[in-house]
Amino acid sequence: MQISITNSTTRYGWGAIILHWLIALIFIGQFGLGFIMVRLTSQRTAFELIQLHKSFGFLLLGLIILRIAWRLGNAAPALPRSVGILERRAAPLAHLGLYAFQLALPLSGWALVSVSMLEIPSLPFNLFLMPNLPLAESDAAESFWASAHWYLAYAGMALVVLHVAAALRHHFQLRDGVLTRMITPSSEDSAE
Amino acid sequence: MYTRILGFAAVAVCLAMPASAAIALGDAAGSYAISPANSSIRFSIGKVGGGGLDGAFGRFKGSIRIDNSDVARSQVNFTIFPESVGTGQGRIDAFLRSDAVFDAANSPEIQFRSTSVTRTSDTTALVSGRLTARGKTFPEKFTAELGDLKAGTIKFHVTGKVLRSRYGMDVGTPIYSNIVDFDMTLTGKRG
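Chains as they are written, first to last, in full-length UniProt numbering: chain D, 1 to 192; chain F, 1 to 191.
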């Protein structure tokens, strides 16, 4: 069997599949981590988890930029013929929305640490110093970006739930290859 | 012109001060209580990428005893109340007071008790002692420089580096350095 790294017009390659699931896993983990870290009584654990959240956030940002570049540089597999005109029009918009959230979430987190009066440097995984965004520090800016990050996280999670529901609908109700083609590239041509 | 000469004279006197102070150290023998109003205990912790976290303790007490016949038998003791830590940022102060760092509620005092004083020059001395914080005690060294000596008042500039990890306060490393730079001005009034 040929190892398919890149996409074709009929299927996703391993590049897109691995990026998809890696980002999915980290995104859901980040949501859980973010939820927990602001509710802890131990300030020490909270500090350490916030630094971990920042580390994964920067990793996510890097992966998402790579993913968008991969998406732009690769063919997009066509939708199954059974997909109606309305969904056919909506699908690229839904994907655009998902990509926009994936990009906006880590960026808003980066803005938040950049404007914070606490001035805690970002040292992702204790490996290198990540510079701050060139934004002015203030308490007002910090609370703005904290809210933005919070709303984006919940809205992004809602989108993920919709995305999962849509994938399950394709698999169990419509019985097409939309879900399975994101699991392995070897699945049958889904454009039939 | 006359005032300028006076100015020069004043500068010259100031420059000559440490030497004269050293000669007078024998006269300084006695016990002093640290006067918080004229003293300060500041600290700085470097952070990755430059800059650092600077703060000070608002409340502390202590004593200085200078032995006339044997400087080595002089003593410096001080107690810091970590509850009084101030960095200019309330959230950082709360973090430092919490059990993440000082645990001020359960360990309300940080104590230093000198064990030996070694004179290193006319006006400087190395003060060795035992520092206790959060129930842990380790030997530490501070450099003391005699700054000013007036009737009944003695002033030292004390500096030293302490590794915070030893005292269970390593949170934030390596973003924030493990080394805490202390910079204290201790003014004693003869008691």
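You may find that some hints are simply not true.
[Stated by the list, open to error] Derived coverage of chain D by chain F (criterion: at least 3 residues anywhere in the stretch with Cβ under 8 Å from a Cβ of chain F; other residues may be distant):
(1) 35-44
(2) 47-55
(3) 121-134
[Stated by the list, open to error] To list a few chain D residues with every Cβ distance to chain F over 12 Å, as calculated:
(4) Ile3
(5) Ser8
(6) Thr10
(7) Leu19
(8) Arg81
(9) Gly84
(10) Ala90
(11) His95
(12) Gly97
(13) Ser108
(14) Val164
(15) Leu179
(16) Thr180
[Unchecked claim] FRET-style restraints, in silico, Cβ to Cβ:
(17) Ser82/D <-> Pro174/F: 21 to 29 Å
(18) Leu103/D <-> Thr87/F: 32 to 40 Å
(19) Leu72/D <-> Asp170/F: 40 to 48 Å
(20) Pro131/D <-> Ser128/F: 52 to 60 Å
By construction, these hints were calculated from the structure, which means they are not laboratory data.
The structure displayed is predicted, hence computed values, not measured ones.
Idealized CB from N, CA, C, for every residue including glycine.
For each hint, the structure was consulted:
Counting residues of the region 35-44 of chain D whose CB falls under 8 Å from any CB of chain F gives 3; the rule of at least 3 is met. For the region 47-55 of chain D, the stated coverage by chain F holds: 3 residues have a C-beta nearer than 8 Å to a C-beta of that chain, and at least 3 were required. Note: the region 121-134 of chain D has 5 residues with beta-carbon separation from chain F under 8 Å; the three-residue rule is met and the coverage holds. Non-interface call for isoleucine 3/D relative to chain F: holds, since the shortest CB-CB distance, roughly 40 Å, exceeds 12 Å.
With a least CB separation of 45 Å from chain F, serine 8/D remains clear of the 12 Å interface cut-off, as annotated. For threonine 10/D, the condition that its CB be more than 12 Å from all CB atoms of chain F holds, with the nearest at approximately 48 Å. At roughly 29 Å from the closest C-beta of chain F, the C-beta of leucine 19/D stays outside 12 Å, upholding its exclusion from the interface. In this structure arginine 81/D is separated from chain F by more than 12 Å, as the shortest Cβ-Cβ distance comes to about 54 Å.
The Cβ of glycine 84/D lies farther than 12 Å from every Cβ of chain F, with a closest approach of about 53 Å, so its non-interface assignment holds. Listed as outside the interface, alanine 90/D is consistent with that label: its C-beta sits roughly 44 Å from the nearest C-beta of chain F, beyond the 12 Å cut-off. No Cβ of chain F comes within 12 Å of the Cβ of histidine 95/D; the nearest lies about 37 Å off, and the non-interface call holds. Separation of glycine 97/D from chain F is adequate, the least Cβ-Cβ distance of about 35 Å exceeding the 12 Å criterion.
With 12 Å as the threshold on Cβ separation, the claim that serine 108/D sits away from chain F holds: the shortest Cβ distance comes to roughly 20 Å. Every C-beta of chain F lies more than 12 Å from that of valine 164/D, the closest at about 36 Å, which supports listing it as non-interface. Distance check for leucine 179/D against chain F: the nearest CB is about 42 Å away, which clears 12 Å, and the non-interface claim stands. Every Cβ of chain F is farther than 12 Å from the Cβ of threonine 180/D; the closest lies at roughly 44 Å, confirming the non-interface assignment.
For the pair serine 82/D and proline 174/F, the supplied restraint of 21 to 29 Å is violated, since their beta-carbon distance comes to about 55 Å. Evaluation of the 32 to 40 Å hint for leucine 103/D and threonine 87/F yields a pass: the beta carbon distance comes to about 35 Å. Under the hint 40 to 48 Å, the C-beta atoms of leucine 72/D and aspartate 170/F, about 45 Å apart, fit the expected range. For proline 131/D paired with serine 128/F, a C-beta distance near 42 Å fails the hint of 52 to 60 Å.
Violation of the numbered hints given earlier is confined to hints 17 and 20; the remaining hints are satisfied by the structure.
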